[in-house]
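**Q** Chains A and P, in that order, are what the protein sequence lines are. For the first sequence, the numbering used here assigns the number 1 to the initial residue and increments by one for each residue that follows. For the second sequence, the numbering used here assigns the number 1001 to the initial residue and increments by one for each residue that follows.
Derived by calculation from the structure, the hints in this document are not laboratory data. Check the hints yourself; a few may be wrong.
To be verified - Reference excerpt, derived from the structure (chain A facing chain P, CB under 10 Å, subset only):
(1) 168
(2) 177
(3) 378
Claimed, not checked - Simulated DEER-style distance windows between Cβ atoms:
(4) A:411 - P:1074: 35 to 43 Å
(5) A:280 - P:1103: 35 to 43 Å
(6) P:1021 - A:411: 42 to 50 Å
(7) A:124 - P:1012: 36 to 44 Å
(8) A:200 - P:1497: 55 to 63 Å
(9) A:142 - P:1123: 47 to 55 Å
(10) A:415 - P:1072: 46 to 54 Å
(11) A:411 - P:1214: 15 to 23 Å
(12) P:1021 - A:384: 48 to 56 Å
(13) P:1123 - A:422: 24 to 32 Å
(14) P:1123 - A:201: 50 to 58 Å
All residues carry an ideal CB built from backbone N, CA and C; glycine is no exception.
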Amino acid sequence: MAYPYVSDQEVRVLSTHFGDPSHRRVDTYVERGGYEALKKALEVGPQGVIDVVKDSGLRGRGGAGFPAGVKWSFMPKDSGKPHYLLCNADESEPGTFKDRELLRWDPHQLLEGCLIAAYAIGAEQVYIYCRGEFFETTQILAKALEDAYEKGYVGEDVMGSGTTIHVTVHVGAGAYICGEETGLMNSLEGKRGQPRVKPPFPAAVGAFGMPSTVNNVETLSAVPHIVKNGADWYRQWGTEKSPGTKLFCVSGHVERPGNYELPLGFPLMKLIEEVCGGMKDGRALKSVIPGGSSVPLLNAEECAACSLDYEGVQEAGSMLGCASVIVMDETTDIVKQVRRMVSFYAHESCGQCTPCREGTAWMTKILQRIEDGRGTEEDLDTLLSMSRQMTGTTICVLSDSAAAPVVSSIEKFRDEYLALIRRGERVGAA
Amino acid sequence: MAESNEITLTIDGHEVSVRKGTTLLQAAQEIGTSVPHYCYHPGMSSPAMCRLCLVEVEGAPKPMPSCVTQAQDGQVVHTESELALDMRRGVLEFYLVNHPLDCPICDQSGECKLQDYVHEEGREHGRSREPKRVFGRDDFGGDVLFYGDRCVMCTRCVRFMNEVEQDSRLTVVERGNRSIIDTFFEEGLEGTYWHGNIVDICPVGALVSKDFLHKARAWDLDHTDSVCPSCSQGCNVSLHTRDNLVQRIKPRENLAVNGWWMCDYGRMNYEWINAGHRLEAPLVRADGDTRAMGWKEALKALLERAPTAAAHGVKAVASPHASNEDLAAFQALVRDLGGEDVLYRLRVVENERPLKGFPNLARRRELAPNADGAELLGMTRVGDDDASGGLDEVADHDGLILVLGDDLDDQGEEFGRNAACYIHLGAHGGTAPANAHFLLPVTTFAEQEGTFTNRDGRVQRFWPSMETAGAARPPWFVLGVLLAERTGAPAARSAAESFAQLSSRVDAFAGLTYEGLGARGAVVNETVSLTGGG
């Protein structure tokens, strides 16, 4: 079975086996060179692994883009405490669907990555925190884990090295905020899924109060390839600061939406026009959200010059995030889109911090009113000043994420807001 | 070593030196700046979630929550800068999006932190035009009523129950702006012993006392520093009075005794102070006829009669509810009249009710504030644990009987019938003092100044919060006058003088001065004994 949409422009490193159910079997995986990287890692030692990942420049694929090797090196040496590796598989950013595919089609790739990373940071226990809605995915992963235990890749004596690494699959209960690393830890510990105040950072006080590292599924899935083939091999793709390949989740008004693995730095328009087969029904592009719902919108003009790497998207005025490209054509009602995104954040806010708890809900109400034609121009000023007071004022960045599309849409698509407001004025509803 | 533990930073242009590990909020308090806050409470963990204590720190990328940000050497902090004020103004406006603004019918009005902060720093007008979210009310059990709409979600109440009382009865349910404090099923707070504190620490009117509900406006209440009279712990409290009645009791901060807390038993045990059946004038019984007299006349008659009766022996009963000064003056008079031992009775209950999250704090078994004072003065405890009995010899005594404060509720009309002279100093009337020859009205602790000695030997002052009933006078005053008349030495004119007499006479109190006790009290000199057991 071929994977739904593929493109010859792709560089398939992590997604090579998407669409091939036989690859979920441990024998097939090993036949195709699986667990060789783990063997190599056990030979070069933890520092060797950290060095090669550092040299590869692999950046965290969860959204923040923090260099993975550097993150690992923050873990204390000889702390005398148990260390934990937490794999963040709570993929819930609207527009993102790459981790699910990695888990579904190549669970052993992730397990191997987890084992290598755990070995590098001295963790004997790995928790894979899966999103609550990932029913099928979790079963596939659990089966793979069972097989890996049986074959001796996981457990008391990993590949006869004497190293102990256990892996546990933990299923969340379906809350967006549990994808925030400290919220994930609280949830894992059986507490309310609320982000923690930092400092202390997870590398010092993480899950169960112990030094912990949290990595995204895609980050860990890339690790075996880097360890096996070396940093230079990985750096042949991407840019100097954003090396390697990345899965792009394209959704919205394109002919062929889907997951595409491309080298970082790939031009956004080329992604839309060539890889995804162009805009749906040939309509004009209005806006793109390049990194999942929590990043600013780009208008068509900004899209034209945007290259898809961490720096390139930032230059264009947004963020790469987890590379969830949401494409919107000329028929899109931007205000409605923004309202839907903000209401998602209002629903998912954990409710700790006042600006987020009250702000996201208030924003939703204002946006709904504007959409209903009962808005005023002052509402836009209110939204902007609220956004300012919701940015950088909370424990985690959920409220920043809610504010980002509001601010960027008012800046870039003010006319659409005004049209709705004026329409309301005409019928006397305001 | 001490040097390296000190750091110096600048807050609003003032340099301040603090210990390492001090938070910015605490450091600001050092220079008298109170940064607005809800979720922070010195007695509990800081979740840094209200985001109201945000301040600007030079060099930091965003405003910092001062309650959890530790002060660094050389840091420059602005609590009143444009950025800090703008962020806090924003947070305050967010609170008002859903706050019902039912201040006119809210018990917290006048002592509400949301009112205070919005008046100080908030926007002049709110911009929200949206309908407010409605939760309604919930009975949390015990003395607590929950007004969900007023809640600012600081979770102080949840943390108090989890961390301080350590009986997790409350939690936050739901998330986002649907978050609400709730109890577990129907369990509520029933059966917990310290839950009244969550009403105190609630910064707004979300948690209110059922007992106090709609009883008085906060600004109509007078606050008087006092000591809780309900057990031997001696929690520092404040009596809130209006119309010469105690309306409620609130804890007063004293880290050496009760922190910020007090138990529900002590909090609710105040109606007796307001009781109406008071003795208001000295009553003198002679030749089968009882009549009210002025103090001068009554005491003159007493001084004529008592010494003759004392010749047949003196029996004296005091109460551990009386102050140190009262007990000492009583003892001094008893001794002057030829008596020796003073008896007292004490109610002791089976269970202590400790507050787990605060060291050495409990509703103690001894339900009187000054049993230790009586012990230090060398008085003898008699009777059972329900403060009854033990007075058989006194009841039938045919000489002089002196009673201070003990209402003798368990004694019948027979008490003191055979006495040649029976002097009873009390605040309330009753059946037992019916035989008294001299029934002298005295004040309650709420109407006089004085000190109690708690179970740890801490002598603590209380202040008068109510007007005295009729002609009632403090016992130390009445007893001091009587003694002075007999000895010619000057009588104490104030509680301070009375305390000075006490501390010069009784070794245990030596070295303590009334002024020196201040509002926090001081511990009596511990007796150093080379032979006594511990």
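**Q** Hint by hint, which ones does this structure get wrong, listed from lowest number up?
**A** The structure conflicts with hints 1, 5, 7, 11, 12, 14, although it agrees with all the remaining ones.
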